[in-house]
Amino acid sequence: MSERSTAEKRNNDGPLRRVLDGVVTGRPWFVTVLAILLALVVGAILIVVSDQEVLSKYGYFFASPGAALGSSWNDVATAYSALFKGAIFDPGNASSLTSALQPISETLTEATPLIFGGLSVGLAFRAGLFNIGGQGQLIIGAIAATYIGFTLHGVVALPAAIIAGIIGGAALGGLVGLLKARTGAHEVIVTIMLNYVSVAFLAYLINTGTFKDPTNPQPVSKPVTAGARLPHLAGDTLRLNAGILIGIAAVAFTWWLLNRSTLGFQLRTVGANPNAARTAGMNVGRVQIMAMLFSGGLMGLVGVSQVLGTANANNALTPQIDAGLGFSAITVALLGRASPIGTVVASLLFGALQAGGRAMQVSSANVSIEIVTVIQALIVLFVAAPPLIRGLFRLRGGESVDTGLAAKGWNG
Amino acid sequence: MTTTLATPSAATEAPATGRSRRRWYVGGVMILIGAYGLVAFGLGTRTAHGRTSTFGLDLVGAGGVDMPDLKVPAATTAMVLSVICVALGVARMAVEPRRLWRVLTTTAFLACFIAAFLVWATANQSLNFASVLNATVLAAVPLILGALCGVLCERSGVINVAIEGQFLFGACAAAFTASLTGSLWAGLVAGCLAGALLGAILAVFANRYKVQQVVLGVVLNLLAAGLTGFLYDRILQPNSGGYNQALAFPNLRIPGLVSIPVIGPVLFNQNIIVYATMVLIAVVQFGLFHTRWGLRTRAVGEHPTAADTVGIKVLATRYRNVIIGGLISGLGGVWLTIGLNIPFNKNMAAGQGFIALAALIFGRWSPLGALSAALLFGFFEAISTSLQPLGTPVPSQFLTMAPYLATIFAVAGLVGHVRAPAADGQPYG
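Same order as they appear, the protein sequences are chains A and B.
The numbering used here numbers the first residue of the first sequence as 87 and each following residue consecutively.
The numbering used here numbers the first residue of the second sequence as 6 and each following residue consecutively.
Calculated directly from the structure, the hints in this document are not laboratory data.
Where is the CB? At the ideal position from N, CA and C, for every residue including glycine.
Just to be clear, a hint being listed does not mean it is correct.
Computed spacing ranges between beta-carbons, pair by pair [as the list claims (entries may be wrong)]: (1) R372/A / A99/B: 37 to 45 Å; (2) N346/B / W342/A: 53 to 61 Å; (3) T186/B / G156/A: 58 to 66 Å.
Using the sequences and the accompanying hints, generate a full structural model.
Dropping the structure here:
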């Protein structure tokens with residue numbers, strides 16, 4: 087059956103038929119759903135095997151299988167229902183509108199930096215570049231935003247700090263692009279190294295007189311002024327802040343940049359085939375520099391939301407300001423297949439896991455939040471290898487899934 | 006085939022002009038740095054007033070030959086060493102040396118500059134140089150093992166960014182198994198196997214599912230950090246007495262060699278993992294360049310199609326090398342816990358897997374190169390900690406940055422030019 091007639095058939099079918107079709111032939115969205123389910127199942131197994139009380143019941147499994155299975159189920163159910171309650175809705179804590187909205191507010195707050203980071207990594211992916219340097223770029227962005235944030239007062243403080251954060255991230259990203267374009271230095275190596283340079287630089291700066299908060303014995307910077315903080319959107323008790331609005335704007339901008347602008351066209355062409363782009367008269371080096379500039383700028387916004395948002399109570403720089411977001415951003419971009427809309431969906435999912443994971447840790451399930459990292463990594467691993475999922479679930483179809491990631495080596 | 010074509014990069018210039026320009030450039034930078042050393046270290050206030058710098062040469066508690074402390078006049082020594090640096094720069098600018106001389110002059114330049122720096126930093130104080138060397142060895146061991154793993158993987162064409170994760174797996178498995186069974190050897194075997202397990206996952210996803218290998222490595226690092234962190238929170242931490250003790254292999258003195266002045270106690274009064282590392286360096290270096298296995302590995306990494314044509318099994322070679330590499334970096338993880346007498350902790354690899362990657366690249370994908378780079382990076386690590394009590398105006402964080410900056414300079418072609426195996430990172434078949 088030719089490609090065209092398949093497409094026509096798909097359009098003529100009803101929505102239910104199309105969903106079923108997708109399930110049977112293992113279309114990408116269905117593979118993603120299965121990947122998420124499989125990762126949750128592996129997470130459940132980990133929760134059970136790491137609980138010694140439950141394991142001891144497996145010692146007499148054959149005498150009373152009910153006890154072992156029952157307590158396993160109980161373990162997993164407690165943990166995952168706490169995850170759900172922490173991320174979406176908690177029926178036991180919905181007396182007022184504020185407390186009912188609290189889980190959603192947490193999810194959106196956690197998703198905000200992931201949106202910026204996912205867009206950043208995704209943008210670079212589309213240009214054929216791997217931005218593994220999110221950690222460094224967001225740290226430099228956070229440093230710049232903090233400096234402006236505690237220096238300036240009044241209405242100019244917030245916009246100036248945001249712009250400073252973007253410039254900080256973009257400067258480091260642009261440096262990577264420049265080295266790539268001028269000397270051929272592989273961006274992955276340079277960005278990994280710059281991550282550690284930035285971490286050391288932050289550790290140094292935070293102890294200097296300019297940044298250090300004299301009232302705090304810990305290595306923490308001075309807090310930003312009230313005018314430089316991102317305002318709360320839904321009352322002071324909920325952490326939801328204006329960062330999510332900047333996130334929506336960033337999604338729209340990135341979508342426009344990639345799909346409607348000349349630079350975006352060049353960017354995608356260079357990503358698809360740099361030799362063809364060069365032959366067509368595009369300046370590949372310039373495009374790579376621009377891609378890294380924008381990618382770094384978006385990463386800078388992660389730093390902005392970490393400092394000026396509600397991520398830390400003091401609105402100050404700490405040595406752990408990056409919170410591993412530079413690397414989470416890579417998983418978000420992969421899951422979102424490097425598209426702006428996909429990134430939003432992936433950010434919401436991972437933000438929900440993060441918010442729920444925190445609730446799970448403090449709930450009676452007492453499951454470490456690290457399980458969320460495991461689940462996220464597994465989701466991405468499974469999504470990256472569709473044949474694995476298809477094989478496991480005996481799905482038909484072998485439509486190649488374009489992850490937007492051409493395999494390349496250090497010399498490429 | 007596009008995959009086998011080297012991508013033209015901006016750094017490849019016409020050889021003749023490029024080399025003479027580089028000669029002027031490198032020589033000039035060396036002269037500038039030497040002159041800076043002369044002004045800052047030799048003529049600065051820290052070394053003035055006839056102060057002396059004292060270097061202890063005995064490793065405390067290690068035995069060996071007694072060495073008297075080395076006392077040098079600070080200002081004069083720093084000036085002489087800086088002048089040697091300048092002279093080496095002038096020599097490099099004047100003549101185009103052969104490769105051996107280039108390496109030797111660069112090494113001598115680095116050694117003199119660092120020595121001048123140390124003399125300046127220790128002026129009027131004392132520094133136990135033997136313990137700095139000892140700390141260098143201790144810091145270099147995991148870097149060497151990780152870089153050797155990288156050599157095996159990348160020479161056969163598989164990029165391994167997951168060394169950090171393999172360290173964490175190895176460290177966690179070693180501490181857990183050794184505490185549980187009471188046998189350090191069981192811990193060592195478990196740690197190596199845990200590293201190999203992550204290597205096997207990397208190999209399957211890279212070779213069978215053709216997942217982009219850098220991304221794969223990053224995701225595996227997250228997986229390893231999450232999994233070991235989770236097990237730490239759930240199992241190790243609540244029962245630290247039973248499952249996560251501080252244990253270590255005892256030091257073994259090698260008679261004869263341990264009596265070599267200064268370096269004897271540093272190199273030959275260590276535990277079994279250090280000796281295993283020394284043997285592994287020799288084995289990998291010899292194996293890679295003088296055996297059939299090595300030739301096949303390099304062929305698979307440079308031109309898999311050609312290797313396949315002459316009957317070398319490309320994928321089998323890659324699987325084998327990545328898994329053996331995993332055993333080696335697993336040993337690096339073993340070192341972090343039961344090699345150093347430290348219980349497992351979350352994220353205890355703390356970026357050392359990435360410094361190992363840097364050492365691999367800085368050492369140009371060769372075992373001996375990686376060894377030199379790892380020792381250099383380990384030395385920076387050691388002096389950044391041992392200089393803190395001396396109260397130098399140089400923040401320790403800047404010394405921490407040095408290995409990473411050096412690697413950036415290296416890949417940007419500012420100090421020599423590094424080139425990865427041609428098929429590194431490209432799936433085959």
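Here is how each hint holds up against the structure:
At about 38 Å, the CB distance of R372/A to A99/B agrees with the hint of 37 to 45 Å. Judged by the Cβ atoms, the range 53 to 61 Å given for N346/B and W342/A holds: they are separated by roughly 57 Å. As the Cβ distance of T186/B to G156/A is approximately 32 Å, the hint placing it in 58 to 66 Å is violated.
Hint 3 from the list above is the single one not met by this structure.
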